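Enquirer: Listed below are the residues making up each chain.
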Amino acid sequence: MSFRACLTAVLATSALAAFLPSASLAAPRTELVLAIGGEPDDGYDPVLGWGRYGHPLFQSTLLTREADLSTSPDLATAWSLSDDRLTWTITIRDGVKFSDGTPLTAKDVAFTFTETAKSGGTVDLSVMESAVATDEHTVVIKLKRPWITFVENFYALGIVPAAEYGPGYARKPVGSGPYRMVSWTEGEQLIVEANPFYYGKMSPFKRLTFLFTGEDTSLAAASAGKADVVSVPATLADAMPHGFTTVVADTVDNRGIVFPMRRNEGEKDAGGYPIGNDVTADIAIRKAINLGLDRKALVDAVLLGHGTPAYGPADDLPWSNPEGRVSEDEGAAKALLDAAGWAPGADGVRVKDGLRAAFDVIYPSSDSVRQGLAVMLSEQMKPLGIAITPKGDTWEGIDRVKHSTPVLFGWGSHSPQEVYSLYQSGWAGIESYNAGYFENAAVDGHFEKAQAAESLEASYPFWRQAEWDGKTGFSARGDAGWAWMVNLDHVYFVRACIDVGQTQIEPHGHGWPITATIQNWRWICE
Amino acid sequence: MPVWFRFVAMRLFRLALLLIGVAVVAFALAKMSPVDPVTAYLGPNIAKVGPEQRALIAARWGLDQPVATQFLAWLSNLASGDFGWSATYNAPVVDVIGSRVAASAALMGLAWMFSGVIGFSLGVIAATFQGGWCDRVIRVYAYVLASTPTFWIAILLLMGFSVALGWTPVCCAAPIGLLPEEVTLIQRLHHLILPLVALSILGISQIALHTRAKMIDILESDFATYARAQGASRLDVALRHGARNAALPAITVLFASLGELFGGSILAEQVFSYPGLGSATIAAGVRGDVPLLLAIAMGTTLVVSLGNTIADSLYAVADPRIDIAAGAPLREIGP
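In the order they appear, the protein sequences are chains A and B. Numbered per the working numbering, the first sequence finishes at 527, counting up by one with no gaps. Numbered per the working numbering, the second sequence finishes at 778, counting up by one with no gaps.
Don't read these hints as lab results, they were simulated from the structure. Careful: at least some of the hints might be erroneous.
With a Cα cut of at most 20 Å, we get these calculated DMTMM-like pairs of lysine to aspartate or glutamate [said to hold, decoys possible]:
{"hint": "1", "chain 1": "A", "residue 1": "Lys-173", "chain 2": "B", "residue 2": "Asp-538"}
{"hint": "2", "chain 1": "A", "residue 1": "Lys-119", "chain 2": "A", "residue 2": "Glu-130"}
{"hint": "3", "chain 1": "A", "residue 1": "Lys-472", "chain 2": "A", "residue 2": "Glu-324"}
{"hint": "4", "chain 1": "B", "residue 1": "Lys-474", "chain 2": "A", "residue 2": "Glu-397"}
{"hint": "5", "chain 1": "A", "residue 1": "Lys-98", "chain 2": "A", "residue 2": "Glu-40"}
{"hint": "6", "chain 1": "A", "residue 1": "Lys-145", "chain 2": "B", "residue 2": "Glu-495"}
{"hint": "7", "chain 1": "A", "residue 1": "Lys-143", "chain 2": "A", "residue 2": "Asp-217"}
{"hint": "8", "chain 1": "A", "residue 1": "Lys-207", "chain 2": "A", "residue 2": "Glu-194"}
{"hint": "9", "chain 1": "A", "residue 1": "Lys-119", "chain 2": "B", "residue 2": "Glu-495"}
{"hint": "10", "chain 1": "A", "residue 1": "Lys-119", "chain 2": "A", "residue 2": "Asp-101"}
{"hint": "11", "chain 1": "A", "residue 1": "Lys-173", "chain 2": "A", "residue 2": "Asp-43"}
{"hint": "12", "chain 1": "A", "residue 1": "Lys-108", "chain 2": "A", "residue 2": "Glu-130"}
{"hint": "13", "chain 1": "A", "residue 1": "Lys-269", "chain 2": "A", "residue 2": "Asp-400"}
{"hint": "14", "chain 1": "A", "residue 1": "Lys-297", "chain 2": "A", "residue 2": "Glu-266"}
{"hint": "15", "chain 1": "A", "residue 1": "Lys-173", "chain 2": "B", "residue 2": "Glu-624"}
{"hint": "16", "chain 1": "A", "residue 1": "Lys-173", "chain 2": "A", "residue 2": "Glu-40"}
{"hint": "17", "chain 1": "A", "residue 1": "Lys-383", "chain 2": "A", "residue 2": "Asp-330"}
{"hint": "18", "chain 1": "A", "residue 1": "Lys-383", "chain 2": "A", "residue 2": "Glu-329"}
{"hint": "19", "chain 1": "A", "residue 1": "Lys-173", "chain 2": "A", "residue 2": "Asp-42"}
{"hint": "20", "chain 1": "B", "residue 1": "Lys-474", "chain 2": "A", "residue 2": "Asp-400"}
{"hint": "21", "chain 1": "A", "residue 1": "Lys-143", "chain 2": "B", "residue 2": "Asp-538"}
{"hint": "22", "chain 1": "A", "residue 1": "Lys-472", "chain 2": "A", "residue 2": "Asp-283"}
{"hint": "23", "chain 1": "A", "residue 1": "Lys-269", "chain 2": "A", "residue 2": "Asp-85"}
{"hint": "24", "chain 1": "A", "residue 1": "Lys-119", "chain 2": "B", "residue 2": "Asp-507"}
On a predicted model such as this, the values are computed, not experimentally measured, just so you know.
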């Protein structure tokens, strides 16, 4: 064969190879490849915490959140809380089957809650007294004290079959969710297919492959046409491959600094490390920082525009109160500091009673976004006369100083429980929850009323009052326990032929949450 | 042969001592590390979990026991062949390691072999044509690779061959969306190519440079000059007289690099999503998963120690004057 003939043959073969996949693209695709990370190291066991972010996929939950975060029934058809707020009575949907064809009854639900409470996973059910199936369709859950945020588990805890559950379940999950596992090669890919016994709305995509590639490789896979949905960090968000669209999900994946609220009077925490900071203990400093921040500039410079300004721990969620926000105003910040007795010193840094308005802000050095935010914060505070030194450290190092030095943390959750953990005085100094020792009796009172509400929806006004009730609150207008800075956008590249519809406001954790609305995805190409 | 028997027995005894030492030190280090396994396990769930639940998690893993009790429990389980339970992967340690080692053994072994053979050949060629263009190309290649971040090279290969040219797959040890039992041998090999190339070209430079330096010494020695005087070409000398002598440093470097295979494994996992022990090793460390960490530490010790024993034995094959059984030290290489 001559060289030319050989070349022609090679070209013809490659043209054929290129033609084959495009031919199969003509019909609506029923298979997708997703590279969105989120591989759980310990498997797909809800009892140990699988599915707390996004949807458990293999299992179904009692209730579900729509794209706008409103509540819909799922496995539960009716649910009610007793007047003393201690007993939930839940009616389970009839005719539900697990992916192996066995029926799901109230017994499985009670088993899942009981097993989860004692399993020692990442799901905290310590407020639960008992979960009992009183008949085939009814589960009664008793609580030790009124605790409305317990309903979080109705949305997040996937129900497992009592008969099948045991060691090894996490790698061979059986559930009543929209998909069932076909194969999981750890570190590589997870293949799932539609669960034929699923009772809910079926996704048009019958088979999904989740690739567990790193961010760069995922992007490469999209560029090579091998992946259909890819999660990308904000820094790569402008590198969209041909044939894709960008889907940006709003989030409460927030970043902010927690202020030590107490003065440093020699008090020590459980680890023997100091509590309190004389500068941030002054409310004028905390409020001035909140007033003086230019959050839009932070978003533009550090997140390259892929984010939104953050004013609280749960912006735009039903339990947040926009009235707690302060409008950014450098002049007001300076006036506030002047009035509080912080006078500019010779080097431009303000001084009050011999105390310089200077402190460190600590960020985990492995996180470049937080580093950028800390540096920008320091720059933005200079004109106010507050000298902030950004310092990177390990999480272990942060552990030692987090009660005496402002730390740049990130939170964000679909449950108001998180707001409670961050600001309730009883949680002060326990692990990383209320690291600043925030303490406000009015806020605690609102929290208590919220936890004793008759339903999650009924508790929202109380959470909002905790943020700002017209007189006080944990927000910047109130005691300003934090200076919230930005919410990170979650950016996805999605093949232009796929319509993912409306996405939820996503929690901390980028990737898996986008699958929460997968039954609404559609293939829109001819 | 009693001499050889004594050699093997001595080696085994030393290995046993070494393993015990590694276990004790690794356990102590893991316990002294500031990593709190419970905090590491909770990750982003931390704000939803209260102190009571934390105590429950610690109790599930036996972390509520005194450190000495934990170690003794681990040791007695080990004596009965039980390596313990990995909290990170929620599976027996043996399963965690087994499922990962099997997959990456072929990749690591082949990459190790190729880098040895190719590195040695390049070193010999470079020394033979010392100062020529061939030497320069090989040296530049070796220096550039030795100072390049491995991650970057791998991404470049991926962008070039998988994305731009489309010759190789973008990830994994098997085609995307295919069940493990449907994968053919050809497909496995196809997915092996890019990680193998990436890992091989990275291991080459050290061996090539060591071999080159040794070979240049040899080619300038008296016996090489004598052979040249008899009419042998430089290549003749290098191949007939030099190669065997130059093999000693290559063997040393090659077997000493056995421990670095884990580094290569991490690279393959991160860039190519090729299965391996690397990420399990990292996870065990940063999350304080002591049983997994100990098993991996002891496994690595075993592999490196065995590698060194093999290297010692190969010295005798490469150079008959070395008699390791008799415990004789290496002598100066001469004519």
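Enquirer: Now tell me if each hint is right for this structure.
Expert: Evaluated hints:
1. Lys-173/A <-> Asp-538/B: The given pair, whose Cα atoms are some 15 Å apart, holds under the 20 Å limit.
2. Lys-119/A <-> Glu-130/A: The given pair, whose Cα atoms are some 11 Å apart, holds under the 20 Å limit.
3. Lys-472/A <-> Glu-324/A: holds (11 Å)
4. Lys-474/B <-> Glu-397/A: Judged against 20 Å, a Cα distance of about 14 Å means the pair holds.
5. Lys-98/A <-> Glu-40/A: At roughly 26 Å apart (the allowed maximum being 20 Å), Glu-40/A and Lys-98/A break the hint.
6. Lys-145/A <-> Glu-495/B: Holds. Lys-145/A to Glu-495/B sits at ~13 Å (cutoff 20 Å).
7. Lys-143/A <-> Asp-217/A: Given pair Lys-143/A, Asp-217/A is violated - Cα atoms ~48 Å apart, limit 20 Å.
8. Lys-207/A <-> Glu-194/A: holds (5 Å)
9. Lys-119/A <-> Glu-495/B: holds (11 Å)
10. Lys-119/A <-> Asp-101/A: Measuring from Cα to Cα gives roughly 26 Å; hence the hint is violated.
11. Lys-173/A <-> Asp-43/A: holds (12 Å)
12. Lys-108/A <-> Glu-130/A: OK: Lys-108/A and Glu-130/A at ~17 Å, within 20 Å.
13. Lys-269/A <-> Asp-400/A: Holds: Lys-269/A and Asp-400/A sit about 13 Å apart, inside 20 Å.
14. Lys-297/A <-> Glu-266/A: violated (37 Å)
15. Lys-173/A <-> Glu-624/B: It holds: about 17 Å lies between the C-alpha atoms, which stays within 20 Å.
16. Lys-173/A <-> Glu-40/A: This hinted pair holds, its Cα atoms lying about 15 Å apart.
17. Lys-383/A <-> Asp-330/A: Roughly 15 Å between the alpha carbons, so the hint for Lys-383/A and Asp-330/A holds.
18. Lys-383/A <-> Glu-329/A: Answer holds: Lys-383/A to Glu-329/A is near 16 Å, not above 20 Å.
19. Lys-173/A <-> Asp-42/A: Status holds; Cα separation ~14 Å.
20. Lys-474/B <-> Asp-400/A: With Cα atoms ~17 Å apart, Lys-474/B and Asp-400/A stay inside 20 Å; holds.
21. Lys-143/A <-> Asp-538/B: violated (39 Å)
22. Lys-472/A <-> Asp-283/A: Holds: Lys-472/A and Asp-283/A sit about 18 Å apart, inside 20 Å.
23. Lys-269/A <-> Asp-85/A: violated (39 Å)
24. Lys-119/A <-> Asp-507/B: holds (16 Å)
Hint check: violations occur at hints 5, 7, 10, 14, 21, 23; the rest are consistent with the structure.
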